[in-house]
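Next come the chains, spelled out residue by residue.
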Amino acid sequence: MSLRILVPVKRVIDYAVKIRIKSDRSGVETANVKMSMNPFDEIAVEEAVRLKEKGLVAEIIAVSMGNQQCQETLRSAMALGADRSIHVETDKELQPLAVAKILQSLAKTENTNLLVLGKQAIDDDCNQTGQIVAGLLGWPQGTFASKIELSDDKKSLTVKREVDVGLETLRLMLPSVITCDLRLNEPRFAKLSEIMKARKKPIVKKTPEELGVDVEPRIKILKVEEPPTRPPGVKVDSVHALFDKLVEHGFV
Amino acid sequence: MNRLFNLTKIRFNIKRHRFYSSPSDLKLLTVCEHNEGQILPTSLHALGAMKHLNPSGGLAVLFGPNAKQAAEQASRLEGVTGVLSITSPTISDYLAPELLSPIISSLVRSRSISHVIAASTAFGKNLIPRLGALLDVAPISEVQKIESPDTFVRSIYAGNAISTVQSQDPIKLMTIRTTSFPITKEVGSSVPIEEIQHDPSQDEKDLASKVSFVSKEEQKSERPQLSSAGKVVSGGRGLKSEENFKIVYDLADALGAAVGASRAAVDAGYAPNQMQVGQTGQIVAPELYVAVAISGAIQHLAGMKDSKLIVAINKDAEAPIFQVADYGLVDDLFKSIPELTKLVKERKNK
Numbered sequence: 001m002s003l004r005i006l007v008p009v010k011r012v013i014d015y016a017v018k019i020r021i022k023s024d025r026s027g028v029e030t031a032n033v034k035m036s037m038n039p040f041d042e043i044a045v046e047e048a049v050r051l052k053e054k055g056l057v058a059e060i061i062a063v064s065m066g067n068q069q070c071q072e073t074l075r076s077a078m079a080l081g082a083d084r085s086i087h088v089e090t091d092k093e094l095q096p097l098a099v100a101k102i103l104q105s106l107a108k109t110e111n112t113n114l115l116v117l118g119k120q121a122i123d124d125d126c127n128q129t130g131q132i133v134a135g136l137l138g139w140p141q142g143t144f145a146s147k148i149e150l151s152d153d154k155k156s157l158t159v160k161r162e163v164d165v166g167l168e169t170l171r172l173m174l175p176s177v178i179t180c181d182l183r184l185n186e187p188r189f190a191k192l193s194e195i196m197k198a199r200k201k202p203i204v205k206k207t208p209e210e211l212g213v214d215v216e217p218r219i220k221i222l223k224v225e226e227p228p229t230r231p232p233g234v235k236v237d238s239v240h241a242l243f244d245k246l247v248e249h250g251f252v
Numbered sequence: 001m002n003r004l005f006n007l008t009k010i011r012f013n014i015k016r017h018r019f020y021s022s023p024s025d026l027k028l029l030t031v032c033e034h035n036e037g038q039i040l041p042t043s044l045h046a047l048g049a050m051k052h053l054n055p056s057g058g059l060a061v062l063f064g065p066n067a068k069q070a071a072e073q074a075s076r077l078e079g080v081t082g083v084l085s086i087t088s089p090t091i092s093d094y095l096a097p098e099l100l101s102p103i104i105s106s107l108v109r110s111r112s113i114s115h116v117i118a119a120s121t122a123f124g125k126n127l128i129p130r131l132g133a134l135l136d137v138a139p140i141s142e143v144q145k146i147e148s149p150d151t152f153v154r155s156i157y158a159g160n161a162i163s164t165v166q167s168q169d170p171i172k173l174m175t176i177r178t179t180s181f182p183i184t185k186e187v188g189s190s191v192p193i194e195e196i197q198h199d200p201s202q203d204e205k206d207l208a209s210k211v212s213f214v215s216k217e218e219q220k221s222e223r224p225q226l227s228s229a230g231k232v233v234s235g236g237r238g239l240k241s242e243e244n245f246k247i248v249y250d251l252a253d254a255l256g257a258a259v260g261a262s263r264a265a266v267d268a269g270y271a272p273n274q275m276q277v278g279q280t281g282q283i284v285a286p287e288l289y290v291a292v293a294i295s296g297a298i299q300h301l302a303g304m305k306d307s308k309l310i311v312a313i314n315k316d317a318e319a320p321i322f323q324v325a326d327y328g329l330v331d332d333l334f335k336s337i338p339e340l341t342k343l344v345k346e347r348k349n350k
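So the protein lines, in turn, are chains A and B. When we follow our numbering, the leftmost residue of the first sequence carries the number 1, and every step to the right adds one. When we follow our numbering, the leftmost residue of the second sequence carries the number 1, and every step to the right adds one.
The shape of chain A in the complex, shown without the other chains (with noise of 0.2 Å):
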């Protein structure tokens, strides 16, 4: 079975920017901020296309969801390898559960057997999309994913996984989804040739309605606030004199 893969990318704040709360604590500025795909989706991305490098992978199509400022994130993802994009275009605040009943719709009618995800987008830090599409779909999760190897058969997927005492390898059958975490690949740069031809690369728009979503968020933020700041250190000038705090503090 050839894999149909499809990856979502999302356009965040780039993870370099120091961000801005906005005055009236309705959220983060956003606007005239320099914006990114997520560092796990370009991991998701370069992992569908060196899976397309081996020959294992029909086609790998790119989805983003929201204004038209989605499709830059899209030309990024077809420069770095995906065939085709589609767009959902909504200007509504999109969440995880939405993303996910869209992906679901999208992965059934583009017949898709893999789903790779990053493993969270680091604007929201949910890491939720992909364990609820796969339980929409009913599929095997392999979440924060450091290593996927297809089978001969081509049937199944071992998945080495980053969890809290080490590493943890299961088996999957396909069709199955995937989340990335930050070892699994380094994401190649995209050659100017790519972009040229990503470009030429079709995105075609959908709409939530046309795919019979209701994206209506269900987590109501009340506000968003700076975090506690710590009162400023000093600087000692001896390891003694840093020794001599730990003592004082009752660490030694």
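Careful, some of the hints might be misleading.
Computed beta-carbon distance windows for the label pairs [said to hold, decoys possible]:
| hint | chain 1 | residue 1 | chain 2 | residue 2 | range |
| --- | --- | --- | --- | --- | --- |
| 1 | B | Gly-188 | A | Asp-153 | 15 to 25 Å |
| 2 | A | Lys-154 | B | Pro-55 | 53 to 63 Å |
| 3 | A | Lys-154 | B | Ala-317 | 15 to 25 Å |
| 4 | B | Glu-217 | A | Arg-188 | 25 to 35 Å |
Subject to a maximum C-alpha distance of 30 Å in a straight line, what follows is the list of computed DSBU-like cross-link-like pairs (lysine-lysine) [stated by the list, open to error]:
| hint | chain 1 | residue 1 | chain 2 | residue 2 |
| --- | --- | --- | --- | --- |
| 5 | A | Lys-18 | B | Lys-145 |
| 6 | A | Lys-22 | B | Lys-145 |
| 7 | A | Lys-245 | B | Lys-308 |
| 8 | A | Lys-245 | B | Lys-205 |
In short, the hints are calculated from the structure, not lab data. Note that CB positions come from ideal geometry on N, CA and C, so glycine has one too.
Position chain B against the provided structure of chain A, taking the given hints into account.
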């Protein structure tokens, strides 16, 4: 006439969402992890969160064929009103979320459970969202504060913003940040343990055949567990090699601390993945956090900035870690850390 009708619709919707008017509507359940006859410390924090949410407490749920001793421990814990020990022919010691979630989902429905809680561990993070799919509920990840039965506080953007959210679902599913809630302790008495033998449906059996546990690589250590240690010493990329990481282990052992690492150190192979402290690794908040040769990237800070006392040793005076450190030493770690370890050992031997 139309406007009146719309107002009525809105009022009806608001009423539907304000589900809880009294504590008697609260029926809580915490899914507990256990190993070798003991409830995991992380689950003790989850039970602590459950008691915080409802002082009358709730159920502790354990799975697997070897839960007897842990179930007995759970029955003696504060805030536990009942223990469910669930076995199934398809569930071994490996607790697959695919197999647990339908069982919990049917428990939620049959017992009118209002809240399902698990610790934000690899297990809890893997399970709770899948349960959300089955119950059509939006889960809430890594709750740090419970303000009311439907209002919770959590971090976003690697802890650079704190979000207060309200769940509008009739059932709340959440994972909790263990460092934010105290553990629950044993009390003098015990509550009944209900043993449930689950009979899997054909669908459940089919799904079970699609998931198999192959192996586990676990580094057993005499050292304290990172997730619950009172002291942590972490090493960064400045250690330059796996062998050099011994410098960190030595200081940790002298202090009786757990050992952590920055992402860079793990990526470089100096330390194993389960030691990674950070936004996507372990979140710790010990009494003492010693950062050795860690620059202090935002993503690392997200994992440790709630530590009570932060100490940093780094060659670079401008390293961002010094902005959160209570005490900072600008020095070469290869000289200063062994010296510090020696001083600590000497004092302990007195």
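Results of checking the hints against the structure:
{"no.": "1", "hint": "B:Gly-188 / A:Asp-153: 15 to 25 Å", "verdict": "58 Å, violated"}
{"no.": "2", "hint": "A:Lys-154 / B:Pro-55: 53 to 63 Å", "verdict": "54 Å, holds"}
{"no.": "3", "hint": "A:Lys-154 / B:Ala-317: 15 to 25 Å", "verdict": "55 Å, violated"}
{"no.": "4", "hint": "B:Glu-217 / A:Arg-188: 25 to 35 Å", "verdict": "28 Å, holds"}
{"no.": "5", "hint": "A:Lys-18 / B:Lys-145", "verdict": "24 Å, holds"}
{"no.": "6", "hint": "A:Lys-22 / B:Lys-145", "verdict": "22 Å, holds"}
{"no.": "7", "hint": "A:Lys-245 / B:Lys-308", "verdict": "14 Å, holds"}
{"no.": "8", "hint": "A:Lys-245 / B:Lys-205", "verdict": "59 Å, violated"}
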